[in-house]
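Based on the provided sequences and hints, a complete structural model is requested.
Heads up, the final residue of the sequence shown is numbered 325 in UniProt numbering, and it's a clean run with no missing numbers.
Hints in this document: simulated from the structure, not taken from any laboratory. Keep in mind that a hint or two might mislead.
[As the list claims (entries may be wrong)] Derived BS3-like pairs (lysine-lysine); straight-line CA-CA distance at most 27 Å:
hint, residue 1, residue 2
1, Lys-187, Lys-174
2, Lys-174, Lys-292
3, Lys-88, Lys-99
4, Lys-23, Lys-99
5, Lys-50, Lys-10
6, Lys-292, Lys-234
7, Lys-203, Lys-189
8, Lys-96, Lys-142
9, Lys-189, Lys-169
10, Lys-88, Lys-23
11, Lys-26, Lys-10
12, Lys-169, Lys-10
13, Lys-234, Lys-78
14, Lys-174, Lys-137
15, Lys-282, Lys-50
16, Lys-234, Lys-174
17, Lys-292, Lys-187
18, Lys-122, Lys-99
19, Lys-169, Lys-234
[Stated by the list, open to error] DEER-style ranges, computed between Cβ atoms:
hint, residue 1, residue 2, range
20, Pro-14, Gly-121, 26 to 32 Å
21, Leu-166, Asn-12, 46 to 52 Å
22, His-177, Gln-39, 30 to 36 Å
Glycine included, C-beta positions come from ideal geometry on N, C-alpha and C.
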Amino acid sequence: MSEKYLGILKSNDPLFFYLNKIKELKLHNFVPVDFYLVQSFSNTKTNVYKYTANFDGTSFVVKFFGQSGTINRKIAEKRLMWEFNRLKFFQTCSSKKTKVINPYCYLPDVDCALVEPYVNGKTLDYYIKDAIFNNGKIRLFKKLDLLATLLSCIHRISIEENYKMLAEKNYCSKILHTLYKDHLIDKYKLINIKNICKNEFSKVRTNATNIHGDATTTNFIFSNGSIYAIDTEKSKIASYLLDLGFVAAELKHHFMLFGLQDADASEYISYFLYNYSLLSGKNLNDIENNLKIFIALGLFRIARNWYLDTNYRHLLVEKAMWLLK
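So this is what it looks like as structure tokens:
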């Protein structure tokens, strides 16, 4: 992820005190700090920052849930606690090769801040680009293997049998209305797609489980042979197929974004799903037969991003609609 310098955090800021305490009490690092360098990660994640101690380079990631004055304090605190508890819950999936970022603390009185370790690594989109331009095909396969291992662990425990897809239906409706507001689909297509999606979801027979909920390329970091899952704010009880569909949609999207066809991602998607089925014990044919609606939902979701080129957003919508035919 790209990092942009924003300024410094001085000792008179309340966050400075807490970062120092974490540094001393949890990291047993007593090197003095005059200030922390502050950097943002991207233009899209406006509430997540990197703080780096000026002398020894110790870094933290801080995510603010209450930074914007438009966010209700109780809602911000609820979102803060949800992500903190989700990250702690998923620590059972942390092993030598697969890890879920383990937060240091939450600070309701400091703009509802969540303080986490900084992982110096590369996100999945880096390896997709590497496979396309630098003959990094084998490296991408290895990263997808790790991702399949991590998600199979996150999805391990079924919560609800004969799941009715309520979370997916609501999420789909929300995304389609955003596309309608952005003039990417008209009213006729909105109604038609909603009916198709409702019908497709009703055909899926699966159990509900814990899912990551935001399985995008930037939410998985690879470092020193391990994978780290971050950003579980959207984690929920839903179908595991939602995570798998998002991963497949992200692969298609990045191949198109870098000038190729979405079909060029097929071998990577197939490899990922095959490994996931082996690790999770789920039937591969069942996964593949049910996945199209979830990939389409993932493509609709990506098309919602305002920073993408308008023509490209239309292309994503067309690809999603083609999957639903």
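Hints, one by one, checked against the model:
{"no.": "1", "hint": "Lys-187 x Lys-174", "verdict": "holds (14 Å)"}
{"no.": "2", "hint": "Lys-174 x Lys-292", "verdict": "holds (19 Å)"}
{"no.": "3", "hint": "Lys-88 x Lys-99", "verdict": "holds (11 Å)"}
{"no.": "4", "hint": "Lys-23 x Lys-99", "verdict": "holds (21 Å)"}
{"no.": "5", "hint": "Lys-50 x Lys-10", "verdict": "holds (14 Å)"}
{"no.": "6", "hint": "Lys-292 x Lys-234", "verdict": "holds (22 Å)"}
{"no.": "7", "hint": "Lys-203 x Lys-189", "verdict": "holds (21 Å)"}
{"no.": "8", "hint": "Lys-96 x Lys-142", "verdict": "holds (15 Å)"}
{"no.": "9", "hint": "Lys-189 x Lys-169", "verdict": "holds (16 Å)"}
{"no.": "10", "hint": "Lys-88 x Lys-23", "verdict": "holds (20 Å)"}
{"no.": "11", "hint": "Lys-26 x Lys-10", "verdict": "holds (21 Å)"}
{"no.": "12", "hint": "Lys-169 x Lys-10", "verdict": "violated (46 Å)"}
{"no.": "13", "hint": "Lys-234 x Lys-78", "verdict": "holds (12 Å)"}
{"no.": "14", "hint": "Lys-174 x Lys-137", "verdict": "violated (36 Å)"}
{"no.": "15", "hint": "Lys-282 x Lys-50", "verdict": "violated (38 Å)"}
{"no.": "16", "hint": "Lys-234 x Lys-174", "verdict": "holds (14 Å)"}
{"no.": "17", "hint": "Lys-292 x Lys-187", "verdict": "holds (23 Å)"}
{"no.": "18", "hint": "Lys-122 x Lys-99", "verdict": "holds (14 Å)"}
{"no.": "19", "hint": "Lys-169 x Lys-234", "verdict": "holds (15 Å)"}
{"no.": "20", "hint": "Pro-14 x Gly-121: 26 to 32 Å", "verdict": "holds (29 Å)"}
{"no.": "21", "hint": "Leu-166 x Asn-12: 46 to 52 Å", "verdict": "holds (48 Å)"}
{"no.": "22", "hint": "His-177 x Gln-39: 30 to 36 Å", "verdict": "holds (35 Å)"}
Hint compliance for this structure: hints 12, 14, 15 are broken, all remaining hints hold.
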